[in-house]
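**Q** Turn these sequences into a full structure, and let the hints steer you where they fit.
Protein sequences appear in the order of chains A and B. Per numbering that gives the first Met the number 0, residue 0 is the first one in the first sequence, and the count goes up by one each step. Per numbering that gives the first Met the number 0, residue 0 is the first one in the second sequence, and the count goes up by one each step.
None of these hints come from the bench; they were simulated from the model. Take every hint as true, because none was put in to throw you off.
Just some of the chain B residues that point at chain A, by a computed CB distance under 10 Å:
#	residue
1	VAL50
2	ILE51
3	ALA52
4	GLY74
5	ILE223
6	ASP254
7	MET259
Ranges of calculated distance between the beta carbons of each label pair, as one might list FRET restraints:
#	chain 1	residue 1	chain 2	residue 2	range
8	A	GLN369	B	ASP65	30 to 38 Å
9	B	THR92	A	THR29	27 to 35 Å
10	A	ILE258	B	LEU279	30 to 38 Å
11	A	LYS474	B	LEU77	48 to 56 Å
Mimicking DSS-like on lysine-lysine, the simulated pairs with C-alpha atoms at most 25 Å apart in a straight line are:
#	chain 1	residue 1	chain 2	residue 2
12	A	LYS27	A	LYS117
13	A	LYS147	A	LYS117
14	A	LYS201	A	LYS474
15	B	LYS73	A	LYS405
16	B	LYS72	A	LYS405
17	B	LYS225	A	LYS57
18	B	LYS78	A	LYS57
19	A	LYS308	A	LYS186
20	A	LYS147	A	LYS495
21	A	LYS245	A	LYS186
22	A	LYS27	B	LYS225
23	A	LYS245	A	LYS308
24	A	LYS186	A	LYS201
25	B	LYS73	A	LYS57
26	B	LYS225	B	LYS72
27	A	LYS201	A	LYS245
28	B	LYS225	B	LYS73
29	A	LYS194	A	LYS245
We treat Cβ as the ideally placed atom computed from N, Cα and C, and that holds for glycine.
The chain contents come next:
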Amino acid sequence: MSKRMVALLLAALLVISAIPALAADADKPTLKILTYYLAFDPYEQPAYGIEEEMTGYKVEWYTLPSDNADQTLMLQIAGGEQYDLMLRLSPAQYSELHQAGLLLPLNDLLDANGNYIKEAVDATAWPTSTDENGVIDGIPQEGFNGPKEGGDPYGVLKTSIAMNMDLAAEYNLEQPTTIEEFYNCCKVYTEATGKPAFTMGKGAWETQTIMPAFDMSGALWYNRDGVFTHRLNTEGMTEYLAFMQKLYAEGLLDNDMPINTNADAKEKFTNGTALFYATAGFWDADALNSAFEATGSVPQINFLGSLTKSAEEQPVVYVSYGVNNYTAIPWSAEHPEDAMIWANTVSEFDNFRKIYIGTEGETYSLVDGQYWPIFPGFSDYTNSDKFTVVIDSALGFIMWQARARKTEAIGAAYAQLNEHVYDYRIESYYESYAAAIPAIKDNEAAINTMINDELLIAITNGTDPATAIADLETKLEEENWTEYCEAYQAWFEANKFMYE
Amino acid sequence: MSKTRKKAQSYLTRRTAFDYIDMVVLSLFGVMILLPVLQVVAKAFSGEGPVIAGLVTFWPIGFQTDTIGYVVKKGEFLKAFQTSVIATVAGTTLSMFLTVTSAYPLSKPTLVGRKFILYVFVFIMLFHAGMVPNYLLFRSLGLTNTIWALIFSGAFSVFNMFIVKNYFEALPESVEEAARIDGASNIRTLVSVILPMSMPVVATVTLYYAVGFWNNYMAGVLYITKADLKPLQQYLYDLVRQALDTTDAAGNIKDIDSTMNLTGESVRAATIVVSTVPILIVYPFLQKYFVKGMTIGSVKG
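**A** Structural data, given as structure tokens:
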């Protein structure tokens, strides 16, 4: 090969390698953004290119491992790794970094370049990342779980118990709405077939479709006449345990439940063993259909609504409000101002929407205030939430619903689940605003694990529920139960207005 | 053949009840190891529906190869695969260089300070600095988030060096002397005389290193956060763990969007199968040396 040819080849390589950099502004630095584990290549997502064009910043993405993420994060930030921004920190991670003083105060940066962020974050969320001196060191990101007070509740129902309607028809059973009807369905089916009617993975023992009949749900804490009460100490928990024990003892509830994984339970539901399966999300619709197809027939699957104690009662759905994640800038950031400009730019409503669901008419349509996906374009945007910072959570909730319609079957399941949502009483709970408080963050996981283990044993052993709960409370002292409860009480006293 | 010799030979070749029990027990162990592997392979070639319905045991149901095709075309898989291949090839080459060049002089009793150097090696074999000092060292050297972090973190094993050293010590001194008389330098003697005679140990230790680099998970967790530089084992672990870890301790879905985008079980199985193939391919090539190399070097004389 002649020298001329080599020179031409090198020049061509140089030009090719420069192409990806053209979208970014040459004057702006490359930002290093750390986020949690991503199951996909961030550079292949449309959001990557959109953000580069939108902000003028080139971004290098860094991700934490899924295992030992908290330790890796602390090690890296304390070691001075120079990330410019940390996206989607869990409340526990944020709290650790905050306590260690590893986060940069954001007040001045927000005042200078954070107008969209300040607009988007709810006033109730800011105190979770503001210290007693008014120093803000984290941007709270609220979950898109429901509308603001008085808003349209359509879409708040997401998980439930799935029921095989073909099997039900075979035994002349109708979709239950009360716990008594549910019990009768199970009884008739099990007596006729000798198989357990209701299967679940061990993590689903606290079934959020049955729990509302006992005045509780996925929320751990409840306002009972002005006293913030853990669900363990409510009358409902004793009754709920007794109900589950009855199902288990009579063989209506799958006796393998304590060792079942969610996949085991799904298997028993789709191979025609069980009539009911918990916990099913509307997004399971496609997977359930394909499994049924493999077994020979695809039955009609219905998702039960929240059960009630009696037919006269109004069904209830509990909706969680609070902070899911935080965005923060580490002390070692090289370009904090640029990081804030980037975060603010992607948080502007139209920009957020473009990153999140693409372009109207191409990837989504807006019909009567509801977002609908347009395929195939929308399929490229299923991971784009991981590239966003903040937006008004109520608007986010409406926009998110395009994702809940990501396939025909999933969309139909979501619609069926929410068919009667306007008949529901909506109970809002806010405990995740307290998740970053040290006494809560340090103890909650261990406490919840112990509660799960012990109550699961109580269901299978048939121990008197009140005794099981009393024994459990004594045991919980090993995990700083009192300190944990006091932290929640104190938080509730300061934030009572949310529950009123 | 004398009577005593015949008796000894028949004693050696005779099968006793113990041998048969041994064969049965070892075969059972073999089957126990093989069955889960077979199930993963069967799932990789089955449709998602039969896998969810629990119909797949050891034979694919609804045979298809689309899932394997999908996995090998996935950008993130390819990047992780490429990272692991580079780390394994470069790492194994570097490791063998370091191991052989340190084992050879240490196999010579005439080396000055040999005892002290061996003590140092034994010490570092038994005592490790720990994760945090290692991380800080790698960071201060600017190695974090580079492929070198994956290569250097497993580049030298004292244990392997001792295996090679012991093997070198067992080689006949006269061969080396002959090479020296012919005018060969130390390096020439090592490369042209010693190494060709040491193929069993070289192949064995190469395999140890290659498997070690291929399976290295912790280096990725500790030193790599760059999204496109994660090694394959980390990618695999995260993929599998993500599917098993969707709810928090209170039973609530942690992240609905991530749960909605979970990778199907047959895709996870296909990823495991595709990731295992390269290292499985290496085995047959080194098989003939492997068994010999594992025992050789342990006995001198």
